[in-house]
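From first to last, the protein sequence lines are chains A and B. When we follow the working numbering, the leftmost residue of the first sequence carries the number 4, and every step to the right adds one. When we follow the working numbering, the leftmost residue of the second sequence carries the number 4, and every step to the right adds one.
There's no promise every hint is true.
A pair counts as met if it fits within one copy or between any two copies, since identical chains are not told apart.
Stated by the list, open to error - Listed below are the simulated EDC-like cross-link pairs for lysine to aspartate or glutamate, each with C-alpha atoms no more than 20 Å apart in a straight line: (1) K45 x E9; (2) K68 x D38; (3) K45 x E22; (4) K45 x D20.
Treat the hints as calculated values from the structure; they're not laboratory data.
Residues per chain, in single letters:
2 protein chains.
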Amino acid sequence: MQYQAEVIIELKAGMLDPEGTTVKRALEHLGYETDSVRTAKKFTIVLQAADIHSARENVEEMCEKLIANPIIHNYSISLREIE
Amino acid sequence: MQYQAEVIIELKAGMLDPEGTTVKRALEHLGYETDSVRTAKKFTIVLQAADIHSARENVEEMCEKLIANPIIHNYSISLREIE
Numbered sequence: 004m005q006y007q008a009e010v011i012i013e014l015k016a017g018m019l020d021p022e023g024t025t026v027k028r029a030l031e032h033l034g035y036e037t038d039s040v041r042t043a044k045k046f047t048i049v050l051q052a053a054d055i056h057s058a059r060e061n062v063e064e065m066c067e068k069l070i071a072n073p074i075i076h077n078y079s080i081s082l083r084e085i086e
Numbered sequence: 004m005q006y007q008a009e010v011i012i013e014l015k016a017g018m019l020d021p022e023g024t025t026v027k028r029a030l031e032h033l034g035y036e037t038d039s040v041r042t043a044k045k046f047t048i049v050l051q052a053a054d055i056h057s058a059r060e061n062v063e064e065m066c067e068k069l070i071a072n073p074i075i076h077n078y079s080i081s082l083r084e085i086e
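So that you can see chain A by itself, here it is in the shape it has in the complex (with noise of 0.2 Å):
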């Protein structure tokens, strides 16, 4: 079966985030006020699997190993069967 994974890649609350703070001043700049800005990325994963278990258990892999830094991101996983 083919799955589409969406990975969402967050800082932790409490680390800076300079890329949403020169955002929100440049926001500012263009005369619109926000509260916060945060960043974060998002990472659209295509890959095949026995089941929806097992590629949650692959895709969660490879945040561990590489797409997250766990010191400083959390990451959150949603998967649909597109086959």
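Take the given structure of chain A and dock chain B to it, following the hints.
Just chain B now, with coordinates in the frame of chain A:
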């Protein structure tokens, strides 16, 4: 009212995604086969607005003017009231 907007900035279909290609290749080296990896950016923006319609209008303008590049990006906005 305070609103939280989740903005996803994705490359348009057909645009090359070198970061996604690199992650796909790195996953292969670690033993994880995938069919595709695409990257995107997520911004979480907290802002004040009179109602949800003006919040959406504001965030759309932020995307058009600063956050997204309409030549290469699609964006989607999901909004919810948080106060």
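Verification of the supplied hints:
1. K45 x E9: So K45 and E9 pass the 20 Å test inside a copy (7 Å) and across (12 Å) alike.
2. K68 x D38: between (34 Å within a copy, 18 Å between copies)
3. K45 x E22: both (15 Å within a copy, 12 Å between copies)
4. K45 x D20: both (16 Å within a copy, 13 Å between copies)
Checked against the numbered hints above, the structure breaks none of them.
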